[in-house]
Amino acid sequence: MQRWRGVVIIGTMAAITLWLAYSGQLVLYIHPRYILFTVIMSVIAVVLSVLAVTTRRDHDDEREGTPPRRRERMLGLTAAAIAGLFTLGMVVIPPATLSTATAEQREVNATASTNTADLEQASTADAEAIARFTVREWSSVLRQTSDLAFFDDKPATALLGFVTPDSDDPDNLFYVSRFVVTCCAVDAQPLGVPVYLPGWQSTLEPGAWIEVSGPFVSNPSRSSTQAIVIEPDSVEAVEQPREPYLF
Amino acid sequence: MTQSQPDLERVDSSEGHHDHEGTRRMRPVHVVWAASATAVLIGLVAVRAFTAENLDAGIPNPVQDLLTLSTSVLVESLPFIVLGIALSILVQVWIPETWLLRILPRNQWGRRAVISLFGMFLPVCECGNVPLARGLVRRGFTIPESMVFLVAAPILNPITIITTHQAFGFDDGILIARLLGGFAIANILGWLFSKHPEPMSLLSGRFAEQCRLDDGHSHSRNRREQTLDLFVRESSILMPALVIGALVAGSIQVIVPREVLVALGSDPLFSVLAMMALAFIISICANVDAFFILPFASTFLPGSIVAFLVFGPIVDIKMLALMRTTYTTRTLVQLTTVVGLLSLTLGLVVNYLA
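Chains as they are written, first to last, in our numbering: chain W, 1 to 247; chain Y, 1001 to 1354.
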């Protein structure tokens, strides 16, 4: 068995990875540009694993060389057990997107774009383009300007994201937020647009996916540091999208 | 491994050279094993599809995120590990021994300089690199030389160069500093370890044992068997290490708030240290890390980005777990210290120049 643990782990993981790609959930973990490469390599791993098991020979299970020291052996067994458990977890625990826990821990908008070209583009965009703005565009605009006039006739329309409570004024303010991923879930950066809705916690759960529409106004909250917020006309609960991250 | 004569015969015969009874009995067995292995994999995928629909794990958010982050590190590294094992098999089994050794200069420095460019035609990132470095040692390269390759190849390799260029262009000399820095650090490290009086003692007991066992036996089997045997061995050594590395990397990210690091971004010294710490923690592959660090480029000084891009590929949690399969803890402490100091210096130099 000792000899085969690696093949079992790598074969299982590669098969699960292929399933993730097939069911469109690989994007929960990596940027879409790596999907093709990941799929090709997983196929190779699956084929090699099956071939390795197929050409299995009787004396393969014999111990190779002198037995390792006891301490090393225990270490190896523990590592293999943890790896096995984790592999089992990959098989049974449903795949999930990152949650509000990470959004709060990584500080919403810490990396919002300060690219002035984005702001210029936004100021000349027509109503149709503005209606398509995601959390990424709005967070960049909000970071760069607090001029209310800029937001005249530029309302947020069906802005999609999940609810993350504001840390300064959690009773009245939340972010409609998305993670932006440039490589894999490890680098997911939370971006968000503040929404002012006193008592929101009575109707919304943190982490719930919503679509928010409404104009941008000066922030009525006293304890929050945000200058401009959305005053929602409508907040609609929606299903989590198939691609929860922005790429 | 005591498998030379009887084994050879069986392989030959299964390919149809001999035709005695033993071989005919072998064939159905092969089919049965292949069928059951395939069935098990299909079964696992079926379970996976079922639980994804019907199981609500009810796991608290931080734990769920830990799993998601660890899985992300794993899924991101897995293809590179497979590529690394495949190339390692190619080098050990399919490429004639003389090819690699022929192109090397006699002179020690020249030799190491050429080895540090091996990544240009063996484009693996750091995790795939470990099996390859092990392969080189078995192929008769010295241990310091294997380290030069291990350190330089993830940085001086076409995929890394392209992705780094895509992410940063030639801004602030980040790309150039990464390449030259990686080359310099690898060669300095190789030179330092070449002064070691007993290089074999740098290797972990288990790997040294394997190298001794390999001598004289590897030629007695056919290539297909050697290929599969290496796949089995490398995966059983690397996969547990990879999982542990990914789990630790995932947990630390859930525990340590990102702001703690980001707050240090604009200080010439602390930004470099913070980025090295970040590189150590997040443990992602060199082929893709330029995209990882891109969102931080606006808040961090260029020198700290370079330190991240040079230190990360060589030393991080996942890599230490993987390298421990091959080198002793003592060796890894020395390696980490040397690489850490050199990356720090490089980062500071870039910060003051840029």
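A hint or two may mislead.
[As the list claims (entries may be wrong)] Per the computed footprint, the stretches of chain W lying under chain Y, defined by three or more beta-carbons under 8 Å from a beta-carbon of chain Y, are:
hint, segment
1, 172-185
2, 218-232
[Claimed, not checked] Partner residues aside, some chain Y positions facing chain W, computed with beta carbon under 10 Å:
hint, residue
3, Ala1049
4, Leu1069
5, Ser1070
6, Phe1121
7, Ala1241
8, Val1243
9, Ala1290
10, Leu1294
11, Phe1296
12, Thr1299
13, Leu1341
14, Thr1345
[Claimed, not checked] The calculated label-pair distances, taken between Cβ atoms and stated as ranges, are:
hint, chain 1, residue 1, chain 2, residue 2, range
15, W, Met74, Y, Arg1139, 51 to 57 Å
16, Y, Phe1050, W, Ser223, 19 to 25 Å
17, Y, Arg1027, W, Val47, 18 to 24 Å
18, W, Leu75, Y, Arg1223, 32 to 38 Å
19, Y, Phe1050, W, Met74, 31 to 37 Å
20, W, Leu75, Y, Ala1049, 32 to 38 Å
21, Y, Phe1121, W, Val238, 26 to 32 Å
22, Y, Gly1265, W, Pro220, 43 to 49 Å
Just so you know, the hints here were simulated from the structure itself, not pulled from any lab data.
Glycine is no exception: its CB is placed at the ideal position from the N, C-alpha and C atoms.
Here is how each hint holds up against the structure:
Chain Y is given as covering the segment 172-185 of chain W, and this holds because 5 residues of the stretch bring a CB closer than 8 Å to a CB of that chain, at least three being needed. Note: the segment 218-232 of chain W has 0 residues with beta-carbon separation from chain Y under 8 Å; the three-residue rule is not met and the coverage is violated. Checking Ala1049(Y) against chain W: minimum C-beta separation of about 7 Å stays under 10 Å; hint holds. The closest approach between the C-beta of Leu1069(Y) and any C-beta of chain W is roughly 6 Å, which is under the 10 Å cut-off, so the hint is satisfied.
Restraint check, Ser1070(Y) versus chain W: the minimum CB separation of about 7 Å is within 10 Å; hint holds. Hint status for Phe1121(Y): violated, given a least beta-carbon distance of 18 Å to chain W, over 10 Å. Look at Ala1241(Y): its Cβ gets to within about 7 Å of chain W, closer than 10 Å, so that hint holds up. For Val1243(Y), the shortest C-beta to C-beta distance to chain W is roughly 4 Å, which falls under 10 Å, so the interface hint holds.
For Ala1290(Y), the interface hint holds, the least distance from its beta-carbon to any beta-carbon of chain W being 8 Å, beneath 10 Å. Hint status for Leu1294(Y) relative to chain W: holds, with the closest Cβ pair at about 5 Å, below 10 Å. Because the closest C-beta pair between Phe1296(Y) and chain W is about 7 Å apart, less than 10 Å, the hint holds. At its closest, the beta carbon of Thr1299(Y) sits 7 Å from a beta carbon of chain W; the interface hint therefore holds under the 10 Å criterion.
Contact between Leu1341(Y) and chain W, as hinted, is not supported at the beta carbon level, the nearest pair being about 26 Å apart and thus beyond 10 Å. A hinted interface residue such as Thr1345(Y) counts as satisfied when its beta carbon comes closer than 10 Å to some beta carbon of chain W; here the least separation is about 26 Å, so the hint is violated. Between Met74(W) and Arg1139(Y) the C-beta distance comes to about 32 Å, which lies outside the given range of 51 to 57 Å. The supplied range of 19 to 25 Å is broken by Phe1050(Y) and Ser223(W), whose beta-carbon atoms lie about 47 Å from each other.
Range check, Arg1027(Y) to Val47(W): Cβ separation about 20 Å, and the 18 to 24 Å hint holds. In this structure the supplied range 32 to 38 Å holds for Leu75(W) paired with Arg1223(Y), their Cβ-Cβ distance being about 33 Å. Checked against the given bound of 31 to 37 Å, the beta carbons of Phe1050(Y) and Met74(W), roughly 35 Å apart, stay inside it. Distance hint check for Leu75(W) and Ala1049(Y): the Cβ-Cβ separation is about 35 Å, which falls inside the suggested range of 32 to 38 Å.
The beta-carbon spacing between Phe1121(Y) and Val238(W), approximately 49 Å, falls outside the hinted interval of 26 to 32 Å. Taken as a hint, the range 43 to 49 Å is violated for the pair Gly1265(Y) and Pro220(W), whose Cβ atoms sit roughly 32 Å apart.
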